[in-house]
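Hey, can you piece these two chains together into the complex? The hints should help.
Protein chains in written order, with this note's numbering: chain A, 1 to 111; chain B, 1 to 114.
Hints are computed from structural coordinates only; laboratory data are not their basis.
Far from chain A, some chain B residues (derived; all Cβ distances over 12 Å):
1) K11
2) G28
3) F65
4) P70
5) G72
6) S73
7) S87
Covered, in the sense of this in silico footprint (three residues per stretch, anywhere, with C-beta under 8 Å from a C-beta of chain A), are these stretches of chain B:
8) 37-49
9) 105-111
Built from N, CA and C at the ideal position, the CB exists for glycine as well.
Take a look at the letters that make up each chain.
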Amino acid sequence: GENVEQHPSTLSVQEGDSAVIKCTYSDSASNYFPWYKQELGKGPQLIIDIRSNVGEKKDQRIAVTLNKTAKHFSLHITETQPEDSAVYFCAASNNNNDMRFGAGTRLTVKP
Amino acid sequence: GAGVSQTPSNKVTEKGKYVELRCDPISGHTALYWYRQSLGQGPEFLIYFQGTGAADDSGLPNDRFFAVRPEGSVSTLKIQRTERGDSAVYLCASSLSGGAAGYTFGSGTRLTVV
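Chain B with its partners taken away, still in its complex shape (with noise of 0.2 Å):
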């Protein structure tokens, strides 16, 4: 596609639920990022993928979130048992081979865990 594209745009779920947040990258691009931004914070890095796999997942915070990307192209976010702290918004970055430089944000999924 054009851009990067994040579905839903939004979500409200209830405390304890599982939630998952899809991110399709820009077509071709090996590389996949998922942030996390708070209100009034700038984006945390949470997991990056070169390809189907997880290279660094370093910035998950806890066993609750989890992230795959099977074939290398679209990726899922999945929340278990979500959390009032959980709500953010979630962003998806792509870039072409990997590296800081060249990165594209999709416009986030705003989670809200009620």
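Bound conformation, chain A alone (with noise of 0.2 Å):
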């Protein structure tokens, strides 16, 4: 079955810098990567995916991109803001709605 690690675990970055998160997967049949953000106490919210036909797609400050070769995709926030701060999971299915999680990376922004 499908496995997605992401990295890094946590990330520190201070308000106004880029953040990326990186993620990979091991089924070369999926072909549906949404980004998730987590906020204490609320369920995951899609903020952006991506389908195996795009390389990459861009949302205000917020980007994924996709390299199907390496099976690695990763997301880009711009100008990060401290109510950027929260926990986001990347995750990938081959839309049998199955779909598999990272295990989380938890972002803080400092002011």
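In structure tokens, the structure reads:
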């Protein structure tokens, strides 16, 4: 089955700096790669996703890149703000309703 | 409803007891998923419903875990003979018609077995 690894487990940046979180996956059949943000006491919330036919996608300060050959994808947050502090999860799915998540990255943005 | 609602938000139970966790999906969403999230980990898939039927229950860890969705809307996750290792946050998600895209998660039920 699919195995998703996520790095780093914790990340601390200064407000205004960029943050990058990386994930690798094992199943070459995976074709959908979402990123979720989870705040304390809440469920994960989708922030951006990418499908396997696209190499990069951007939404304001957030971007995701995908390298299917290397089986890795990354989340990039630019101009970080304190409210970006949360736990971020990557996930991978072959659209069969079984989504595998990474272990999460706790991002802290220091004002 | 406007979002996925899970009740209770917190549940403390004694080892060996039976618990039920409820999920009320977004109105009209035919697909419903249960995940379990242990401390410091990502969500782990448990079971997926399409309508009333369990289309994939391969993530249920053992036969103490069972879930139902009798009318294709509200779902109940049932855990028998609870063990301390069952302590986790149980998350429910729904999507309009299935497929990994379009998940909306609830806030979860934090289960603590003492």
